[in-house]
Amino acid sequence: MSLERPLLETRRLFAHYRGLAALHGLDLAIAPGEIVAVVGANGAGKSTLLRAIAGQVAISGEIFFDGAPIAGLAPHRISRLGIALVPEGRRLFPRLAVEDNLRLGAYARRGPERFRPLDLVFELFPRLRERLRQRAETLSGGEQQMLAIGRALMTAPRLLMLDEPSQGIMPRLVDDIFAAIARIRAGGVTILIVEQRLAETLAIADRAYVMQTGRIVLAGAAGAIAGNEEVRRAYLGM
Amino acid sequence: MSATLIAQVAIGGLLMGLVYAVVAAGLTLIFGLMDVVNFAHGALLMVAMYATLLIHRATGLDPLVQLPLVALLLFGAGVVIYRGLIARTLSVRVNAGMVQIFVTFGLSIFLVGAAEFLFGSDFQSINASFLGGRSLAFGAIILPWPLVASGIVALLVFLGLFLLSRTEFGHALEATREDHEAVALIGIDRDRVFGIGWGIGTASVGIAGVMLANFYYIAPDVGTNFALIAYVTVALGGFGSIFGALIAGLIIGLVEALTALFIDPALKQIGIFLIYLAVLMIRPRGLFGHL
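Those protein sequences? They're chains A and B, same order as listed. Per the numbering used here: the first sequence ends with 242, consecutive numbering throughout. Per the numbering used here: the second sequence ends with 307, consecutive numbering throughout.
Chain A extracted, bound-state conformation:
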């Protein structure tokens, strides 16, 4: 893979979250079409990293998306550039119907093609099609996660960031979610994923960054990190 022209790049990225320094000068780069995993213990700053890229926390340093600086842009502008975040806790609109949650994903887009990602969403998550008129709050945890990913896909992102997509989901559905992520990448979307489930995540990822207390302590091919016993013990507490 080539990082000569990364889709996303951060340089000396610092962030403060709830008064605490959460990111300490992060440098990372993601090539188009990659699945990159960010792993590390709780409190390492993984979620803050995704929120920082999405424009949801105050940062210093630089972030480039497709070569253009995006640090300091309003979150809705970052979204419109093609960066979608599926946040921790999913953050659906609970009282709106499944269909309205999905369609709102395309709200900021114009043109006749804007609802086209619906086909992909229903292909990935056929269960959502059966629940279109239900309120989002009535879905199970797994279905809510599917809806959150579906809503993000409706923005037609080039970079999809997923924060703990397996959290609070039945094991059987976790496999579905990971299979869906692999297929989304196959459709040309670059993926940055933060996950506690190390084995499944590193199995679908190309590369991984290991974070500890706001710093990247290790980067490399996902397979190498998965197989490194010392890394697992030292940084991931396993």
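Keep in mind the hints are simulated off the structure, nothing from the lab. Treat the hints with care, since some could be wrong.
Unchecked claim - Residues from chain A that face chain B, not an exhaustive set, calculated with beta carbons under 10 Å:
hint	residue
1	Arg81
2	Arg95
3	Arg113
Because the structure is a prediction, the values reported are computed rather than measured. Cβ atoms here follow ideal geometry from the backbone N, Cα and C, with glycine treated the same way.
We have chain A; now place chain B onto it with these hints.
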């Protein structure tokens, strides 16, 4: 006391209740959207009434004809208030709620003061309007047309708000009200939605103002009492619930009219505030609130 009289008073109360409901709808829409209580809501009603009076005097346009114009004017005022004042309070880190109260309260004092300065504190009214002096008779029940028309227009406002809630923008409004950080993740500009929400909320109170100008006195402090009733209506209907505002407005209009009839016109608001106290004690989230 005849049944006809009671029916006439009750229907009159319900019609007035629809006007209260529209005033409350604007208040509750803004509150539901962003948790800001607009203490200038009554002053904006007054502004709409004076606007109607001045345009009437300058051009002779009937208040009914002015309806879309004043609604648009107040919509613009709402957007400007949001952009110029409220948006700035959102980034306040300490005591943001207090700051918002003081900002809207200060705006109210400013608007009322400006009206006193410009027009004096005398009561004024529109003497010749299309609806003025006409009444509608159902057998022995006689209702003044300005009130009947106000009720009809109020229902149309609620119909409009209902239809709006079914549109894509209506969904964006609901989404923003549910999670105003998450909407940014799908590219929705929260500030734009908030601004339009303020516009719609103040346009609603503007429409109520135009209809009231047909038959109610116009003075700088005319909005105070309507705002007070609107707070009670919102509390009864449930904070943030437009449908709740409609039902609560009807109840309050009816209670007010019947209190005046059976007890004493001077005490007509006693019933309303008894309801308010009862709501606070028995069901603080109101009839249709989600809190």
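For each hint, the structure was consulted:
1. Interface restraint check for Arg81/A: the shortest CB-CB distance to chain B comes to about 8 Å, inside 10 Å, so the restraint holds.
2. Interface restraint check for Arg95/A: the shortest CB-CB distance to chain B comes to about 4 Å, inside 10 Å, so the restraint holds.
3. Given the 10 Å rule on beta carbons, the hint for Arg113/A holds: about 7 Å separates it from the nearest Cβ of chain B.
Hint compliance for this structure: every hint is met.
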